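If you read the sequences in order, they're chains S and F. All letters in the first sequence, in the order written, are residues 3 to 48 by my numbering. All letters in the second sequence, in the order written, are residues 48 to 327 by my numbering.
Quick caveat, the hints were computed from the structure, so don't treat them as lab data. Since we're looking at a predicted model, the values are computed, not measured. Treat each hint with caution, since some may be false.
Unchecked claim - In the SDA-like style, the derived pairs of lysine to any residue whose C-alpha atoms are separated by at most 25 Å in a straight line are: (1) S/Lys25 x F/Ser98; (2) F/Lys59 x S/Val36; (3) S/Lys25 x F/Arg325; (4) F/Lys287 x S/Lys25; (5) S/Lys25 x F/Leu323; (6) S/Lys25 x F/Lys81; (7) S/Lys25 x F/Ala169; (8) S/Lys40 x F/Gly285; (9) S/Lys40 x F/Lys245; (10) F/Lys81 x F/Ala169; (11) S/Lys40 x F/Ala94; (12) S/Lys40 x F/Asp85.
Okay, here's what each chain looks like letter by letter:
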Amino acid sequence: MAMIKKKGRINELRLGLRIALSKFPPAHPFEDAVLLFKLLRRGKLS
Amino acid sequence: MRYLYYPGCSLKGTAVDYEESFLALASPLGIEIKEVEDWQCCGASVAKSVSKELSESLPARTLVKADKEEMDLLMPCSSCYQVHLQIVQKAREDTALVQRLSLGRIPKVKHLLEVLAVDVGAEAITRQVMSPLKGIRALPYYGCLITRPFPLGEESQENPKAMEGLIEATGAQPVSFPYKVDCCGGTLILSREKVALKLCGTILNEAKRLSPDCIVVACPLCHFMLDAKQRAVERESGEKINLPVLYITQLLGVALGLDYGKLGLQRALTSSKPLLQRIK
Numbered sequence: 003m004a005m006i007k008k009k010g011r012i013n014e015l016r017l018g019l020r021i022a023l024s025k026f027p028p029a030h031p032f033e034d035a036v037l038l039f040k041l042l043r044r045g046k047l048s
Numbered sequence: 048m049r050y051l052y053y054p055g056c057s058l059k060g061t062a063v064d065y066e067e068s069f070l071a072l073a074s075p076l077g078i079e080i081k082e083v084e085d086w087q088c089c090g091a092s093v094a095k096s097v098s099k100e101l102s103e104s105l106p107a108r109t110l111v112k113a114d115k116e117e118m119d120l121l122m123p124c125s126s127c128y129q130v131h132l133q134i135v136q137k138a139r140e141d142t143a144l145v146q147r148l149s150l151g152r153i154p155k156v157k158h159l160l161e162v163l164a165v166d167v168g169a170e171a172i173t174r175q176v177m178s179p180l181k182g183i184r185a186l187p188y189y190g191c192l193i194t195r196p197f198p199l200g201e202e203s204q205e206n207p208k209a210m211e212g213l214i215e216a217t218g219a220q221p222v223s224f225p226y227k228v229d230c231c232g233g234t235l236i237l238s239r240e241k242v243a244l245k246l247c248g249t250i251l252n253e254a255k256r257l258s259p260d261c262i263v264v265a266c267p268l269c270h271f272m273l274d275a276k277q278r279a280v281e282r283e284s285g286e287k288i289n290l291p292v293l294y295i296t297q298l299l300g301v302a303l304g305l306d307y308g309k310l311g312l313q314r315a316l317t318s319s320k321p322l323l324q325r326i327k
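For reference, chain F alone in the conformation it holds in the complex (with noise of 0.2 Å):
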């Protein structure tokens, strides 16, 4: 398995652990990447309030690379993920497009969470597995924008299962969240901080009632929220939380057995030492 792989900005800064955990995790999976060459920002939600040639001109020229590379993207962040889907979309309706930016093929995109799920595949993860997580509850949370307005694959977009299967091929038991394709305010925390934090509140106040071990997402936005913020929503709410959340990769790094600093945990806000020490 080969993709070319965009980090986006988010993965060489507050979600610098989860670039950590996919690199320490990728080789013993079989996972083969070359870094996109001088890439630049995607746009995300930000740039279509500024110019909408913009908007599409930043994920176009991600697609202009991996064609001359002739290779398919990989990204771990729902939000590169969802902006260079709807370029591809778009090339895909619109062939004056394609031939605006001499695509020879239209690449296709990839999540990070579709290529363990799919391209790896949850047994080939379970052959691998050195410390079982057994007892351990794992509560999957999507959020909005890996299943939305796209699909992620083949998954139902209202009842995703992939990170399910990953959990379980950790030997770690999946919780059933309802709430587990609601948004969690991320894009809203600067304008409209008390609307995030809300959103917010009901993803973790939800999620305690289920009693998880750990919180584990397969975007940065969604582990900003839930980690760092959770305190912010401690003081919103008044209640404890005290919910550690783990990227999926670091997650699946533990049961294989791979060093917690490669894997980046020391790094959360809301510490995970207190699961750690019931899996060692």
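The shape of chain S in the complex, shown without the other chains (with noise of 0.2 Å):
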């Protein structure tokens, strides 16, 4: 097994952000605006 070169790193935010983007609409887009501002609030988004 070749072990696969680093490109850069994976971030799980984006991961997340661009899941959520391609099933757009939201079903709850108001809800998830007001955690998306309450995690970065927290310092929980890196």
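Bring the two chains, given one by one in their own frames, into a single complex with the hints.
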């Protein structure tokens, strides 16, 4: 098994946002936005 | 006790409070750690759906690093833990893989919960307790990934007791919870939100019926679901839950008298203030 060369860091937030955006429109846009804001305020999104 | 610490993506993001509380706790408990240099995502459940080679290469890279450092791996994230255990299992069964990775030995992979419960031990923790959590009813929730498909050390897969022992060590009372190894739905939250919220709702509503003061977890995904998605579950079920969710490291840190700020308790979405005021 050849080791795959690292090209960049995979980021869970970017992956999550990509999936969320692909499921447009979101089921609960307002609640999701509030949650995102709360997570940002608490320093939980890198 | 010396370990090579693999944080994984969650502990640098949505579970930053898990990392903060673990790092605050490590030194008092005699856990010496070195972070894996230039670590990468383990691929979790996502990489498998993209490429088998990628899903094996990612954790294999970490095993190679641990072998070079001659240290065993410590993982606080249950998903990272299972992914790495799978490649360890494969390496044990496939000597060709060990040769391809040029492994001198197959490093051990330990979950933080196992390190706390077995390597450190409840007795050693009890000796360090400065603020006993007398009268606090803590409900342990393991989730599905800590005990399945691989058991946590010598623990039963259906009825693990590691967390109960740690809760007792703090002076708190563990609440018996029949749903403690059920899935919280975390891995489905983006693809099947309704199913995920239903699974999470069952855990939260059944927990609420037992009237605990808090839920205690050792998995970043479980914490996110039970804490951050608690409002969404309340909205779906129409019932108020309002249960604080603490990482086991935060509960132990509180009992050890560590600074609440260093334990990341202010980062939770469901406030643990009323609980902390009772302890003070």
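Hint check results:
1. S/Lys25 x F/Ser98: 22 Å, holds
2. F/Lys59 x S/Val36: 21 Å, holds
3. S/Lys25 x F/Arg325: Answer violated: S/Lys25 to F/Arg325 is near 43 Å, above 25 Å.
4. F/Lys287 x S/Lys25: Since the Cα atoms of F/Lys287 and S/Lys25 sit roughly 29 Å apart, the hinted pair is violated (cutoff 25 Å).
5. S/Lys25 x F/Leu323: 39 Å, violated
6. S/Lys25 x F/Lys81: Given pair S/Lys25, F/Lys81 is violated - Cα atoms ~40 Å apart, limit 25 Å.
7. S/Lys25 x F/Ala169: 46 Å, violated
8. S/Lys40 x F/Gly285: Holds - the C-alpha atoms of F/Gly285 and S/Lys40 are around 22 Å apart, at most 25 Å.
9. S/Lys40 x F/Lys245: 23 Å, holds
10. F/Lys81 x F/Ala169: This hinted pair holds, its Cα atoms lying about 23 Å apart.
11. S/Lys40 x F/Ala94: Answer violated: S/Lys40 to F/Ala94 is near 28 Å, above 25 Å.
12. S/Lys40 x F/Asp85: 29 Å, violated
In this structure, the earlier hints numbered 3, 4, 5, 6, 7, 11 and 12 are contradicted, and the remaining ones agree with it.
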